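Start from chain Z and add chains H and P according to the hints.
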Amino acid sequence: MISTVPMKRVIIIGDETAEHQILDEIHALGATGYTSYAVHGSGTKGNRPRHGEPGNVKIEVIATAELAQQILEHIAGHYFKDYTMIAYIDDVEVIRGAKFGAKIT
Amino acid sequence: MISTVPMKRVIIIGDETAEHQILDEIHALGATGYTSYAVHGSGTKGNRPRHGEPGNVKIEVIATAELAQQILEHIAGHYFKDYTMIAYIDDVEVIRGAKFGAKIT
Amino acid sequence: MISTVPMKRVIIIGDETAEHQILDEIHALGATGYTSYAVHGSGTKGNRPRHGEPGNVKIEVIATAELAQQILEHIAGHYFKDYTMIAYIDDVEVIRGAKFGAKIT
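Protein chains in written order, with this note's numbering: chain Z, 1 to 105; chain H, 1 to 105; chain P, 1 to 105.
Computed far set for chain P versus chain H, every beta-carbon distance over 10 Å:
#1 Asp15
#2 Ala18
#3 Thr44
#4 Lys45
#5 Asn47
#6 Arg50
#7 Pro54
#8 Gly55
#9 Ala65
#10 Gln69
#11 Gln70
#12 His74
#13 Tyr79
#14 Asp82
#15 Tyr83
Below are the DMTMM-like pairs computed for lysine to aspartate or glutamate, each with C-alpha atoms no more than 20 Å apart in a straight line:
#16 Lys45/P with Asp24/Z
#17 Lys99/P with Asp15/H
#18 Lys45/Z with Asp24/H
Worth flagging that the hints you see were computed from the coordinates, not collected in a lab. Note that this is a predicted model, so its numbers are computed, not measured. C-beta: ideal position from N, C-alpha, C; glycine also.
The shape of chain Z in the complex, shown without the other chains (with noise of 0.2 Å):
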């Protein structure tokens, strides 16, 4: 039977002109890789993309707890402010965790 091992995936959705700031920042703080999709969606302020707006973009990391922590951390610092943007985070369990920074031990 394959081993699994629990990590932690980041879901960040926001404003697709943020997403290559928001890549380079969640692989310098140590992240190995990410998946991303265009999206559309709607929050408290309101429908997202409106007409001549920039779309949206779903962002996905996959990473340990302490990593996942730090990047939720970020994205709340450094975007809550200024963009239309929603990160969560979720459990899963991963085949060959060390390509995400899980240590095997």
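Just chains H and P now, kept in the frame of chain Z:
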């Protein structure tokens, strides 16, 4: 350390022609926002979309456990009979939970 | 109150050229359906897709814990050596679980 709040994420996958109605109804039930994006799929009723059919959409809503349950019941009661649709819930940890209706104590 | 059934969601992210083969194989293993959509990403092997490369796809399959484990083993055994691909599992609560192979007792 930034604090997170446990919330539910409701995921609805089905015919895009029902998307706007579902979003209106979910909003009326109390949801503060949603994310949606186009998907493909297959289920017990075959491939979706087939040639010439409307596309499929995936809708995600972060909500309290109580609202998540209400949304599931609404979708099951109003759409499962006539639409090819699935719905499920998972657990997430959000920052700024009050945005999603969480009572922060 | 509508009842939900605990199930697993298998998530596979990788080269879209393998999508149809993977879907056929997952179906043969016993999966009753899937959802898929195009994504971008980066991992330990660099950005995907690079210019001129095939795109990346994310495949989601809701399954019993036993089938989810079988799918993970199949993907790891048949694709991880030659493809840039990741796979992981998370927990979901579905309505109408029998659609996904759950034994409703």
